[in-house]
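S.K.: Take a look at the letters that make up each chain.
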Amino acid sequence: MYIKRKEFIQIGSLATASMLLPKFLKAFEGQTMVPMGNKVVVILQLSGGNDGLNTVIPVRNDLYYKARPRLGIAKDKALLLTDEVGLNPALAGFKELYDDGSLSIINSVGYPNPDRSHFRSMDIWHTASQSSEYWNNGWVGRYLDAQCKGCDKPTQAIEIDDILSLALKGDNIKGIAVKDPRRLYGTANEKFFKEVNKSHTLAGSSLGGGRDEKGEQPADYLYKTMAETLSSADYIFQQSKMHPTKADYPKTDLGNSMKTIASLIFSEINTKVYYVSLGSFDTHINQEAQQQRLFTEMNDAVKVFVKDLKANNRFDDVMLFTFSEFGRRVAQNASNGTDHGTANNMFLISGGLKQKGLINPLPDLADLDEGDLKYKVDFKNVYATVLNKWLKANDKEILAKQYDYLNFI
Amino acid sequence: MSLTNQTKNQHLMWRAGFGPAVEQLGDLSKYSPKQFYKALVKASDKKPEYINVADDYLQGLYMGIEEIGRQQKKEMTPDERKMVQQKNRDGIRNLNVYWLHEMVNSSAQLREKMAFFWHGHFACRNLNIFFQQGLLDVIRRNALGNFGTLLKEVSKNAAMLNFLNNQQNRKDHPNENFAREVMELFTLGRGNYTEHDVKEAARAFTGWSATIKGEYIFRKGQHDFGTKTVLGKTGNFDGGEVLDILLQQKSTATFVTKKLYKFLVNEQPDDAKVEWLADRFYKNEYDISKLLEDIFTSDWFYEEKNIGAKIKSPVELLVGIQRMLPMKFERDEVLLLIQRSLGQLLFYPPNVAGWPGGKNWIDSSTLMMRMRIPQMLDDKDEFNIKPKDDDDQMMGRPSTELRMNKNEDPKATGMKASGRLNRPIQVNIDWSLYTKSYESIVRESLLGNITGTLLQVKSRVSPNLIKQFSDQTGRENFIKTATLQIMSTPEYQLC
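Those protein sequence lines, which keep their order, are chains L and W. Sequential numbering from 1 applies to the first sequence in the numbering used here. Sequential numbering from 410 applies to the second sequence in the numbering used here.
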């Protein structure tokens, strides 16, 4: 395989330092470059409960305008996809993707017995549990557990944030949260941490000798996490410098995050899942301005991201999807906002979509559950589809149940 | 190897409290663990004071005559409603800081530690400051008392009834949430009841509700007076009688004991010991103090495999540092920011199952953040981490934890509009007692002594490395910097 000189040097320098590296990094020594066709998922979380009805707008439905006399978005303002469906005016880039055949919309996504607490509902989306169950690990984390038995590659799932979400925490392997690869753990005590990591003696101590079923002491686990963190940080930083994107991303939080993701996708990193959040969409008051502001940020960042991927021939290998912990009530409230609801829509963006455009009908506003939308698609069907068809993973094991697949992949 | 009294007493202090306090350093090797435990029990004898941090305006609004209160609440403008929500959130923030302060400074360590356990066991999110104060009071008063009494008081508490939707549990429209969680998470545990038991128990709890003031009220008209069958017993039960039936089940004693064993002794439960403890807990009619005595006066509690075997929770870590190094924060909000960044913000458990604990505390971000805290306290590192938003708490508005007063200059407070601190945490550490406690130690033994005081496991870091990263220009500087470096190691995360 043809290797560019710059990359060759990168690999070479990794190899010489390999005595200091844990075994998962050593695995890269002999590895070939990530080939084209390496599928990647980008998850964009819209935190706070995005109002789906003002995102994908039923522009010919009287019930919609009746329920939202002031908040409803008029047909002539919406970006029309069909005669009946329009997008929020701030999503012009998404409209272009739709026209281009690179965008799909799944309507009425949710789960049985919906919870209206942000935290709890987000937990349910992160863990993929039933709403009556409390799980301590996330679906992406369990993907890591399943994919990587016996090896440690926390960089397979990266969250662009300071704090790691539950979604990325597996039982044995947890993803890694990185806000800025240049900064990473560049702290005042960094040298000390590196020295501690390098020099500590692995000999188990007599105290704290309680061992778990794997024969591991709590201190082993801490040192393992520390070693992984430090070496992953170096690895991510190196990779991010390899092919930094030249595209002009907006100078917003999400713009910076998408830029980081693009640069990593163009590198040879082993990352399969990227995770990033935007919020807060919790629009109880004066929804229009807040949603528009956030959508503009999302629209501008995603637009450049897609263009960048296309220019680098990676758009067919990347699947970006959005979700929110819940949608909002159909009727607006007294403060020009909306309160917590249930089912919601999801955007899927990729050059590799099998089913394009509107995948299923808009929600039925005449058939509500006490003022809330009824879900038609369980989000776990979407996860199962992505895991199985895109990431070629064992979705049944990861989701602890066999969910039917959808056809968008 | 026989363990010293100092190690054993430190072990006791970390588990039965929030770690040894600097004032206790001299006593740690003087007494036996039995004597130490006796003193701990005595210090927790007193009934705790009701903590009230609510704003006067809210006080008037909620504590006024009920009907007028209800009337006023209905007629509030959106702006007033917003203000009330804000004051409630501020109240819960103040309650957090107040209770954290008690954990650091109170001599009733055993009581506060057990209250902290029950706070996770009876996990509850509620944005009403009075309801939260009420629940905290129930938990602190009964922390060392009788589990049955505690369970009953929690079950009649407004915060919990609201959180678990029992207001909606009516004769013709049962809501099973409360009944289910009481069985699954508070008493029996999964597998010890059926769906039918949940349905029937839910009927018994119909009509259990709370007034706007947070007082328990039995709404007769909503109660189902019919015959129910719960766990094989049939009768015309009300909620109290169902709780009694749950307490009669041996599995309740086992479930609670096992959870407590994992919290106090070891994440890896020893089934035989749990069974022995649960038997006695059951026979002693759920006397919590007797159960604690069984644990803390046993020989096996002080076995090596149980010492240093637990990963400190974020609150234990944060409180433990402050007990050893008394300090004053310029802005108390920093304490909340740290809790949030590390994944444990008091009064905001992730769900009714509480914080999962153990290894779940640790990932790449939280571990590095934990190890950076000591340097942040010493102005050597900056707090450049932005915790995730909690929308339940913020209702779509920016975080209030770092809200600036209007007349404050953002630059002066070291905060950016994004809520991110861009300069070190401002804190004053009072080192005097701490450094004084080492005054009789000869120079060669100094580092070994500091390590022995701070760590419950043998350090894997070589003493030379600690020395290399410490300030060796004088005895006091050395004690300070070596202490902070040791607190920055993985070992310090264990207790």
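Honestly, the hints are just simulated from the structure, not real lab data. Please note: incorrect hints may appear among the correct ones.
[Unchecked claim] Calculated cross-link-like contacts (lysine-lysine; reagent style PhoX-like; alpha-carbon spacing at most 25 Å): (1) Lys-198(L) with Lys-671(W); (2) Lys-224(L) with Lys-737(W); (3) Lys-867(W) with Lys-224(L); (4) Lys-439(W) with Lys-224(L); (5) Lys-671(W) with Lys-194(L); (6) Lys-876(W) with Lys-198(L).
S.K.: If a hint holds in the structure, say so; if it doesn't, say that too.
M.R.: Hint check:
no. : hint                       : in the structure
1   : Lys-198(L) with Lys-671(W) : 32 Å, violated
2   : Lys-224(L) with Lys-737(W) : 34 Å, violated
3   : Lys-867(W) with Lys-224(L) : 17 Å, holds
4   : Lys-439(W) with Lys-224(L) : 37 Å, violated
5   : Lys-671(W) with Lys-194(L) : 32 Å, violated
6   : Lys-876(W) with Lys-198(L) : 16 Å, holds
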